[in-house]
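*Asks:* Next come the chains, spelled out residue by residue.
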Amino acid sequence: MNVQETLIPKLGVVTDVRIDTPDVKTFRVNALDGGKVFDHMPGQCAMLSIPGVGEAMFSITSSPTNTEFMEFSIKKCGCLTNWLHQMEVGQQITIRGPYGNGFPVDTEFKGKDLVFVAGGIGLAPLRSVINYVRDNRADYGTVDIVYGSRSMDDLVDYKEIIDEWCKEEGINVYLTIDREQEGWDGHVGFVPNYVKELGFDTNKTVIICGPPIMIKFTLAGLIELGFDKTQVYTTMELKMKCGVGKCGRCNIGAKYVCKDGPVFRCDQLDEMPNEY
Amino acid sequence: MKQIKLDSIQSLFKALSATRTLYLPVDTPAGADFKKYEDGVLWSGALNTNRSAKDFFFPQTENMMDFKVEGKTIEIIEPIRPDEDFVVFGVRACDARSFELLDKVFLCDPVDTYYKNRREHGVIVTVCCNKPAETCFCTNFGIDPTAPGGDVACWQDADTLYLQANTEAGEALLQSAADVLAEADDSAADGVKETVKAIMAKLPIQNLDLSAFTEDNLLNLFGSEQWKKLSEACLGCGTCTFVCPTCQCYDIKDFDTGHGIQRFRCWDSCMYSEFTRCAHGNPRLSQVERFRQRFMHKLVYFPANNNGDFSCVGCGRCLAKCPISMNIVKVIKALGGANE
Amino acid sequence: MQVEKKEFKPTIVAFCCNWCSYAGADLSGTNRLNYPANVKIIRVPCSCRVNPMFVLRAFQRGADGVIICGCHPGDCHYTTGNYYARRRMTLLFSMLDFLGIERDRTRLEWVSAAEGAKFAKTMNEFVEAVTKLGENKRLEDLRCKKQ
Amino acid sequence: MQEAMMRRAKELLADGTVNRVLGWQKGEFAYDHTPAVFDSADQLEQFVYDDFTAANLSKYLVKETKQEGKILAFLKPCDTYSLNQLTKEHRVNRDKVYVVGIGCEGKADVEKIKALGIDGILGIKAEGDNFVVETLYGNQTVAKTDVLAERCVVCKSRKLMTYDEILGEDGEVINSNRFDMVEKLENMTADERFAFWQNELSRCIRCNACRNVCPACTCEKCVFDNVNSGIANTAAADSFEEKMFHVIRAFHVAGRCTDCGECSRVCPQGIPLHLLNRKFIKDINELYGEYQAGEDTDSKGPLTNFTYDDCEPSIVHERGVE
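Protein chains in written order, with this note's numbering: chain A, 624 to 899; chain B, 793 to 1132; chain C, 2 to 148; chain D, -14 to 307.
Treat the hints loosely; a few may be bogus.
In the BS3-like style, the derived pairs of lysine-lysine whose C-alpha atoms are separated by at most 30 Å in a straight line are [to be verified]:
1. Lys51(D) to Lys1021(B)
2. Lys119(C) to Lys860(B)
3. Lys633(A) to Lys41(C)
4. Lys73(D) to Lys144(D)
5. Lys985(B) to Lys48(D)
6. Lys11(D) to Lys129(D)
7. Lys633(A) to Lys794(B)
8. Lys782(A) to Lys735(A)
9. Lys129(D) to Lys1021(B)
10. Lys828(B) to Lys794(B)
11. Lys99(D) to Lys985(B)
12. Lys1125(B) to Lys206(D)
13. Lys55(D) to Lys1020(B)
14. Lys206(D) to Lys699(A)
15. Lys633(A) to Lys790(A)
16. Lys698(A) to Lys860(B)
17. Lys790(A) to Lys659(A)
18. Lys1122(B) to Lys110(D)
19. Lys1122(B) to Lys55(D)
20. Lys994(B) to Lys11(D)
21. Lys41(C) to Lys864(B)
22. Lys806(B) to Lys923(B)
23. Lys119(C) to Lys147(C)
24. Lys828(B) to Lys146(C)
25. Lys206(D) to Lys698(A)
26. Lys860(B) to Lys659(A)
27. Lys923(B) to Lys55(D)
28. Lys147(C) to Lys633(A)
29. Lys827(B) to Lys133(C)
30. Lys633(A) to Lys896(B)
31. Lys110(D) to Lys994(B)
Honestly, the hints are just simulated from the structure, not real lab data.
Bound conformation, chain A alone (with noise of 0.2 Å):
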């Protein structure tokens, strides 16, 4: 692979656009000839660009054994994303990647009973692997999602939540809300102390992705549980440009984000300094 192949992007156009909650839309994308504009594993990125007005990481939330098309779940937080946000179908888009070393679904996850801990977008990653891991059932232990955002119209994929995952065998969800809310009638309370009250079994693995200050606190209180740091995943999200370990913004230590990550389990970011 070289770079004249990974910096100069592919095209490829929104097909559908789905609004999930009021800051955050779905965006399916296909090749210019349909199809997927290209391959990739859980947990990995691509830089999508419009020309002039900027590029940016975001991770692909469609799962890889999806054929037909991939999905990016984008909120809206700056200038890139407020003009992604006014896209409709038919809009032609630059992507390159797959960048990023994704989620161990193959070694370290194979025949694991496996956790998701999502907050708000946080989400968007993990619905990868999630469909993924639905998808090879066998290969995969049970499987328990705990997902909480600031209210029930900020839950992301609410329906693929309830209509598919809800229903499935081997998969329990738990869903959460900040604060109290009308025709919710599910469980109130932060993430960090949700995961507490469920008290999960120690021999299971945990893979986090949310704001920063809810990994810090979920990872706290796994810890109290008895889970150990070599048990838990995250995935990181820093300034990138190249995607190829090259521009030189998203180290943390002698580690690119881009390169070496996203995804790092909990015991390497000890060895890493912290800045991120």
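Start from chain A and add chains B, C and D according to the hints.
*Replies:* Leaving out everything else, chains B, C and D in the frame of chain A:
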């Protein structure tokens, strides 16, 4: 080994520039810089150029591609790759080593073809430093200024330039200038080498203790209390970065030309406040963190990823150019332990 | 084959104050007074809204001349805006001159809402002066030139 | 002088007048002094002051006066102009600085000394119109005029504009010939001027040293760093952008620039950036009356002021050479 009298050096430049573009250090009102050779251009005797020679392979700005956007459609236009053969004359040992370090970044998988293309089209002619200055500290990084490397290495005494090819490309280059070159004894430059070695031995910063800069010591160094004091006066400008031969961080930007979008890359500096800023915030909020990043990268992170090679070649440009005279030598002495 | 040399038509950017010159341009239009079509008017709330950067960016984006039109001194809608603009533009034009940029590429004129004729005359004169200078080469951005 | 300054600093630290000292710290060599804050008598052992301590310390006071306690600042005459201007713009809290004004006879430019072929510099001493440069190879005497920094050759004032006490001797405002080079350029043809600036500015590497060192550039976020401004850039991709950056920067400090010369001192490419600032100062003096930024803390700046009978911009046509 070949030789040519210095008073007929112009004939060498003419011969070299006959088949390809020749760049060499030329004096400007404010120090030397690499310029294209044309008739009458004189080779500068300066120890080093203001800017390093990295420009030739990693230019400050470089167009990567163009886009045509119409309505909802986008067209990608790849740029024409420069295919000009060129030779850079008068590179010093430190800059020559910097290419090896840049290679480690740009030529590792995935290969940066923009860089590789330039690298393949360039021939490097190095010249041994006759008068190393007190700001030189290349020897700390295993560089021998009397064996400057490159495709062709040169040594110069009072009236003669000696040339020795190190690679096939260098042989070919010397062949192309065979008419103006005379044969010389292989030991002809030994006198110069001895003189330079004697000068190096007398210079002040030749024995820096770098033993503390190891991957095992990463978190200790990162957490050192000294960074605050060291970075206190730092202005957050990019002088050190941009004159540095090994700094390679870049930015990718889009420019709207009015009739299309140009995507180009340009040098960027980790010293700049916007370097790591993104929509969710900035992990390096103050100059302390940015300053630390630059030196940790050169002394710890880069070696950790590249078999222990430091990302510094001791050229001394940052020592001479920093507006507030804070530099890597002071950092090494402050954090290196035995340097205290 | 002989290529016919195209007549040079400069691109002019005119920053016009909303309260006077912009109306003046309107008036010159309704009075059927001619001024060249290559004058591109940008409406600003006051001549003092014109940042020196606007002038430079106009040149970058392909302008061959930049003119700023505001209310006559003493008539500013915001009382004193044009006095500040006058100092700023004097210094800016002087600096551009210092850099060796042709003096006739920049101009500041006071045109009231009633001076439709003056507007047309000013523009005609300015276009003529810039046409004489030819294409803007000294403050151009090569990337913005159409190949 | 250095001894006297260290003694005074220690006294003021000891009696609690200040809790920190802003000065210069010794470097690797005899000439690479770094601005530094000292907070104890012990640290002050590293303090240095000689004819190489050139950095203007005033800008550091923007940050330092936001800290707890009062800080002692050693300021040279040009630095006091900068401090006054910063005080006027409410960027520095003057009450939190204890200024010890120090007389200045001009600073040596080490590059100029080295260019004379003097190596192994160990120290420098002023003696009348000469500097005695101590080197590994013995003492060398050089004429001040040959090695003074450009800004010191055409020094505008050796008078301290603001201080709480003085060490050494206060000087006088000098009727200098600092506008000579500007005038020389004005008298060139437009083509020559363009060629001159094209050559100078094309060397710019956009390191931002001139901006970051400038005591007048204290914006929280510079327009050239603001991605939303449309002109943010880390490198000039076209020669237009070099001109744009320097013209706009000079314009932003016009009427506020005290002509301290730091921009040219720090430029790694040796671009005479002070000429752009001086051109504005000269124009302001000629068109709107003599004005020296930093002379006081309450006058109105020339660009935030006007008179009803100011000249029209067309005056440019009447001045200098076309």
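*Asks:* Next step is simple, just say for each hint if it's right about the structure.
*Replies:* Each hint tested on the structure:
As the CA atoms of lysine 51(D) and lysine 1021(B) are separated by approximately 17 Å, the hinted pair is consistent with the 30 Å bound. Under the criterion of a C-alpha separation no larger than 30 Å, the hint pairing lysine 119(C) with lysine 860(B) is inconsistent with the structure, at around 42 Å. Taking the CA atoms of lysine 633(A) and lysine 41(C), the gap is about 38 Å. The hint is violated against a cut of 30 Å. At most 30 Å may separate the alpha-carbon atoms for a hinted pair to count; lysine 73(D) and lysine 144(D) meet this at roughly 19 Å.
Among the hinted pairs, lysine 985(B) with lysine 48(D) is inconsistent with the structure: their alpha-carbon atoms are about 50 Å apart, more than 30 Å. Of the pairs offered as hints, the one joining lysine 11(D) and lysine 129(D) holds, with about 23 Å between alpha carbons and a cut-off of 30 Å not exceeded. Annotation: proposed proximity of lysine 633(A) to lysine 794(B) is violated, straight-line Cα distance about 51 Å (limit 30 Å). Between lysine 782(A) and lysine 735(A) the CA atoms are separated by roughly 27 Å; this keeps the pair inside 30 Å, and the hint holds.
Among the hinted pairs, lysine 129(D) with lysine 1021(B) is inconsistent with the structure: their alpha-carbon atoms are about 34 Å apart, more than 30 Å. Distance check on the hinted pair: lysine 828(B) and lysine 794(B) sit about 24 Å apart at the alpha-carbon level, within 30 Å; holds. Taking the CA atoms of lysine 99(D) and lysine 985(B), the gap is near 24 Å; set against the 30 Å cutoff, the hint holds. For the suggested pair lysine 1125(B) and lysine 206(D), the alpha carbons sit about 33 Å apart, so the restraint of at most 30 Å is broken.
Straight-line distance between C-alpha atoms of lysine 55(D) and lysine 1020(B) comes to about 20 Å, which keeps the hinted pair within the 30 Å bound. The hinted pair formed by lysine 206(D) and lysine 699(A) meets the criterion: a straight-line CA distance of about 24 Å does not exceed 30 Å. This hinted pair does not check out: lysine 633(A) and lysine 790(A) have alpha carbons roughly 37 Å apart, beyond 30 Å. A distance of roughly 27 Å separates the Cα atoms of lysine 698(A) and lysine 860(B); the hinted pair therefore holds under the 30 Å criterion.
Note on lysine 790(A) and lysine 659(A): the hinted pairing holds, with a Cα-Cα distance of about 28 Å set against a maximum of 30 Å. Straight-line distance between C-alpha atoms of lysine 1122(B) and lysine 110(D) comes to about 25 Å, which keeps the hinted pair within the 30 Å bound. Pair hint lysine 1122(B) plus lysine 55(D) holds up; C-alpha atoms about 29 Å apart against a cutoff of 30 Å. For a cut-off of 30 Å, the pair hint linking lysine 994(B) to lysine 11(D) stands: about 22 Å separates their Cα positions.
At roughly 28 Å between alpha-carbon atoms, lysine 41(C) and lysine 864(B) fall within 30 Å of each other, so this suggested pair holds. The suggested pairing of lysine 806(B) with lysine 923(B) holds, with an alpha-carbon distance near 26 Å, which does not exceed 30 Å. The straight-line distance between the Cα atoms of lysine 119(C) and lysine 147(C) is roughly 34 Å, outside the 30 Å bound, and the hint therefore fails. With a C-alpha separation of about 26 Å, the suggested pair lysine 828(B) and lysine 146(C) falls inside the 30 Å cut-off, and the hint holds.
A threshold of 30 Å between alpha carbons decides the hint, and for lysine 206(D) with lysine 698(A) the separation of about 26 Å falls inside it, so the pair holds. As the CA atoms of lysine 860(B) and lysine 659(A) are separated by approximately 23 Å, the hinted pair is consistent with the 30 Å bound. A C-alpha spacing of about 48 Å is found between lysine 923(B) and lysine 55(D), which places the hinted pair above 30 Å, so the restraint is violated. Our distance criterion of 30 Å between C-alpha atoms is met by lysine 147(C) and lysine 633(A), whose separation comes to about 26 Å.
For the hint pairing lysine 827(B) with lysine 133(C), the CA-to-CA distance comes to about 36 Å; that exceeds 30 Å, so the pair is violated. The straight-line distance between the Cα atoms of lysine 633(A) and lysine 896(B) is roughly 27 Å, inside the 30 Å bound, and the hint therefore holds. Our distance criterion of 30 Å between C-alpha atoms is met by lysine 110(D) and lysine 994(B), whose separation comes to about 25 Å.
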